[in-house]
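All letters in the sequence shown, in the order written, are residues 1 to 124 by the UniProt record's numbering.
If you are wondering where the hints come from, they were derived from the structure by calculation, not from laboratory data. This one's a predicted model, so the numbers in the text were calculated from it and none came from an experiment. Some hints here could point you the wrong way.
Stated by the list, open to error - Listed next, with one range per pair, are the computed distances between beta-carbon atoms:
#: 1; residue 1: 124; residue 2: 58; range: 43 to 53 Å
#: 2; residue 1: 14; residue 2: 103; range: 22 to 32 Å
#: 3; residue 1: 95; residue 2: 122; range: 39 to 49 Å
#: 4; residue 1: 123; residue 2: 96; range: 38 to 48 Å
#: 5; residue 1: 97; residue 2: 33; range: 28 to 38 Å
#: 6; residue 1: 96; residue 2: 21; range: 20 to 30 Å
#: 7; residue 1: 67; residue 2: 33; range: 37 to 47 Å
#: 8; residue 1: 15; residue 2: 93; range: 14 to 24 Å
#: 9; residue 1: 93; residue 2: 24; range: 16 to 26 Å
#: 10; residue 1: 15; residue 2: 99; range: 16 to 26 Å
C-beta atoms are modelled at their ideal positions from N, C-alpha and C, and glycine is treated no differently.
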Amino acid sequence: MAKFLISTGAFIAALGIAFGAFGAHGLRTKLEPRMLEVWQTGVEYHMYHALGLILIGMISHWLGSSALIKWSGGLMLAGILLFSGSLYVLALTGTGWLGAIAPLGGSSFIIAWILLAVALLRTS
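Could you put the whole structure together from the sequences, leaning on the hints where they help?
Have a look at this one:
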């Protein structure tokens with residue numbers, strides 16, 4: 001589980017860098033400033049939580065892979081897909097209803113961090 005989380009986090013971080021560069025260079029003249037901000041917010045949370053996945057993988061390696069740590073990693077990944085993914089699509093398409101998906105991803109992030117904290121507090 002640790003290798004999966006760390007390697008997935010590293011791959012997702014690489015994608016985050018590519019998406020950030022694409023936004024800065026490829027979309028600057030194609031999107032309205034507000035939609036470029038939406039894209040950038042997606043990239044920021046994408047990167048924070050890619051690093052979060054790597055952290056969860058490292059903790060899993062050190063402490064073993066408990067159910068709480070597995071759930072934390074899964075929710076972190078889901079949050080990236082739901083939150084950042086919906087913001088990317090929103091910025092590119094202007095489809096407003098996609099903004100309703102972002103809170104599901106944000107909730108996934110919050111729960112993932114709480115589960116990680118609980119998992120750590122339960123270790124001896």
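Cross-check of the supplied hints:
The hinted range of 43 to 53 Å is not satisfied by residue 124 and residue 58, whose Cβ atoms lie roughly 19 Å apart. Hint check: residue 14 to residue 103, Cβ distance near 27 Å, so the stated range 22 to 32 Å holds. At about 42 Å, the beta-carbon gap between residue 95 and residue 122 stays in the expected band of 39 to 49 Å. One distance hint, 38 to 48 Å for the beta-carbon pair residue 123 and residue 96, holds here, with the actual separation near 44 Å.
Hint check: residue 97 to residue 33, Cβ distance near 22 Å, so the stated range 28 to 38 Å is violated. Between residue 96 and residue 21 the beta carbon distance is about 26 Å. The supplied range of 20 to 30 Å therefore holds. The beta-carbon spacing between residue 67 and residue 33, approximately 44 Å, falls within the hinted interval of 37 to 47 Å. The hint said 14 to 24 Å for the Cβ distance between residue 15 and residue 93, and at roughly 19 Å that hint holds.
For the pair residue 93 and residue 24, the supplied restraint of 16 to 26 Å holds, since their beta-carbon distance comes to about 20 Å. Distance hint check for residue 15 and residue 99: the Cβ-Cβ separation is about 22 Å, which falls inside the suggested range of 16 to 26 Å.
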